[in-house]
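Top line first, the protein sequences correspond to chains R and L.
Whatever position you read off the first sequence (first residue = 1), add 7 for my numbering.
Whatever position you read off the second sequence (first residue = 1), add 7 for my numbering.
Derived DSS-like pairs: lysine-lysine, alpha-carbon spacing no greater than 30 Å straight-line:
#1 R:K12 <-> L:K12
#2 R:K208 <-> R:K172
#3 L:K12 <-> R:K14
Derived from the structure by calculation, the hints contain no laboratory data.
All values derive from a computational prediction rather than experimental measurement.
Listed below, chain by chain, are the residues.
Number of protein chains: 2
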Amino acid sequence: MISEKMKGFVQNNSVIRAMFEEGRIMAAKFGEENVYDFSLGNPSVEPPKEISEAIVRIATQEKPNFVHGYMSNSGYEDVRQKVAESLNRRFGTDFAAKNILMTVGAAGGLNVILKTLINPGDEVVVFAPYFVEYRNYVRNYDGVIVEVSPDTETFQPNLEEFAEKLTPATKAVIVNTPNNPTGVVYSEETIVKLADILRAKEEEFGTSIYLISDEPYRELVYDGQEPPYLTKYYHNAVVGYSFSKSLSLPGERIGYLVMPDTLDDAENVIAAAAIANRILGFVNAPSLMQRVVAECIDAKVDIEAYRRNRDLLCETLAEAGFTCAKPDGAFYLFVKAPDGDDKAFTAKAKEQRLLIVPGSSFACAGYCRVAYCVSYEMIQRSVPSWKALAASYGM
Amino acid sequence: MISEKMKGFVQNNSVIRAMFEEGRIMAAKFGEENVYDFSLGNPSVEPPKEISEAIVRIATQEKPNFVHGYMSNSGYEDVRQKVAESLNRRFGTDFAAKNILMTVGAAGGLNVILKTLINPGDEVVVFAPYFVEYRNYVRNYDGVIVEVSPDTETFQPNLEEFAEKLTPATKAVIVNTPNNPTGVVYSEETIVKLADILRAKEEEFGTSIYLISDEPYRELVYDGQEPPYLTKYYHNAVVGYSFSKSLSLPGERIGYLVMPDTLDDAENVIAAAAIANRILGFVNAPSLMQRVVAECIDAKVDIEAYRRNRDLLCETLAEAGFTCAKPDGAFYLFVKAPDGDDKAFTAKAKEQRLLIVPGSSFACAGYCRVAYCVSYEMIQRSVPSWKALAASYGM
Chain R
8 MISEKMKGFV QNNSVIRAMF EEGRIMAAKF GEENVYDFSL GNPSVEPPKE ISEAIVRIAT
68 QEKPNFVHGY MSNSGYEDVR QKVAESLNRR FGTDFAAKNI LMTVGAAGGL NVILKTLINP
128 GDEVVVFAPY FVEYRNYVRN YDGVIVEVSP DTETFQPNLE EFAEKLTPAT KAVIVNTPNN
188 PTGVVYSEET IVKLADILRA KEEEFGTSIY LISDEPYREL VYDGQEPPYL TKYYHNAVVG
248 YSFSKSLSLP GERIGYLVMP DTLDDAENVI AAAAIANRIL GFVNAPSLMQ RVVAECIDAK
308 VDIEAYRRNR DLLCETLAEA GFTCAKPDGA FYLFVKAPDG DDKAFTAKAK EQRLLIVPGS
368 SFACAGYCRV AYCVSYEMIQ RSVPSWKALA ASYGM
Chain L
8 MISEKMKGFV QNNSVIRAMF EEGRIMAAKF GEENVYDFSL GNPSVEPPKE ISEAIVRIAT
68 QEKPNFVHGY MSNSGYEDVR QKVAESLNRR FGTDFAAKNI LMTVGAAGGL NVILKTLINP
128 GDEVVVFAPY FVEYRNYVRN YDGVIVEVSP DTETFQPNLE EFAEKLTPAT KAVIVNTPNN
188 PTGVVYSEET IVKLADILRA KEEEFGTSIY LISDEPYREL VYDGQEPPYL TKYYHNAVVG
248 YSFSKSLSLP GERIGYLVMP DTLDDAENVI AAAAIANRIL GFVNAPSLMQ RVVAECIDAK
308 VDIEAYRRNR DLLCETLAEA GFTCAKPDGA FYLFVKAPDG DDKAFTAKAK EQRLLIVPGS
368 SFACAGYCRV AYCVSYEMIQ RSVPSWKALA ASYGM
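So that you can see chain R by itself, here it is in the shape it has in the complex (with noise of 0.2 Å):
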């Protein structure tokens, strides 16, 4: 009796729920001090301690109607105002309050301007590999998805072939760097030749082609990486964000997005994004947790915890003979299968108590991404599984 449109879903997720099953199966088993779980994007590393202060002082010194009640759709104006200041802060744009619009995380963010932006038929652009989440918002508006296919020497985004496949018909490009699943940062040479083809399309075409940027990763980037603001490259383009992954707050679905002045037809997407977030049933973003992230606007987790982790798994592998997209960013690690066989790679792993995922599950066949938001201790007790993964290959 469900719709149709669900009950693909229903049956996929019985697979996905079967290998929680067999995690759990397995640490059963072995004890769970020796199963090494590299398979979820859940943070390790605890939310900066003004989260706890903020929430304190808020929820007993605020005024409860104000802190917990309704707002604009678009979120508390001061909220918005602080999120643009921050922006012009750090990146040196010029955004008002009127440019952001909280949103219910990322993922929420993404529905919206999808919503805002999408007629039936209309196609949206991603790039393998990516979080295939994209493809179940991008269904939920009958958009059709076009995939770039990897370019598995850089991770970089392939832009030959994307300029081969932008049509009349593309509406929207999603990319997300740092990247789920590679842990690539898209260098400031890449944005700067994605914008060109994306404007010469736009002349070609006719048409408005909106960059929509997910960037919950954005501020987990190590070795001085900077990566580059998508706005201040390209008149079209949409940040959605995510406190998530800086502020450890995934539960709390509470991100923004920014939709500058130079977009192409601004003042409607502003206004329609703010409609498409009430009516989708969003209403508007938490409320205690956009007062949160106001006062902690410019707070981090510890970042050198995942470059820790990151170093030491990075080591690991290579010494054990795994090769590995450049890991600059987010807290993944996207590993080469030996053979090519990603789903074998997976089942072996699982052999010497790793859970990882195949490429497969993001585009990308041939590879597994490892996730190392994870405790050090695993990471250092996992070493010797690693080894033996690398000697089933006979490496």
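Guided by the hints, dock chain L onto chain R, whose structure is given.
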């Protein structure tokens, strides 16, 4: 460049914005204390003190990666268990954690269950007057709204017309009791008859017709009313609940769906709803607030404050000569426009600095909604204006 679906919304929205602007201009002109805004459904009574206590305790004493982290898309298992137990205690039901899905408010819950059930073209029946957002929620999934016209004698659902409007394409029926905008509580007699009709039509058509009960106002009832719990009357009933009014937390977006085992295709409905919650971009209900409402599951705002408001406003309106629907619940009165023209009534009210909402906005012309979730003092100050409004009709 925005989507076709959103264009109409943006046009309508500027009308609403103009209304708000007018309110602001009036406040500036006459002084804020001399403008009586009865137009908004924003709770005026403070959250119970247990809320801030729970927030502080959880934020300071529990593990932050647990409190603010990801959990299952359905919500924390223990929170769902507490919700189920509370319902079982109060209504003699027999729910388990698996029957509860924590949602981003009732608006989120309604979108989740509609996405779960509705195929394009499926019919969803609503009883006028009704909260107009239902139209938008149904349209999100390309469903078709079928309106049953109001019974302006009792403002109970018009069941004769209801039976005629059910067709083999009817997939769902939405009810809202206590009702926005009328404040009427559907009687047990109504619910029994409504369930009888649904069962008969299910059998006649060989279909499943889901009854979706939108219950943000369940706790806001007066004079010993006890709104029937719909799952006890009909096997295919789904309840959408929100803590927005019962705990005055509308900005926090926290509620739940109840999906009983008695539903046709229950297992798939429950599984699909959790997935819909994820792919619509909610992902999960805000995590800290899930834990807070679980701790405060039997707390309530001071309902007496709303009752006092209701009594004073009812008395004021009756003395002035106005009539309204039986005001047993929620925080609304649905007042008859003396000459049957609700838009003219709204305009004349504005001349007396009274802001109210025409019933046309709820698919029920000839009446206006007066929201009494305001301060008692504002109602007292507004008395002369109501009298002057009556006088302007020669009453």
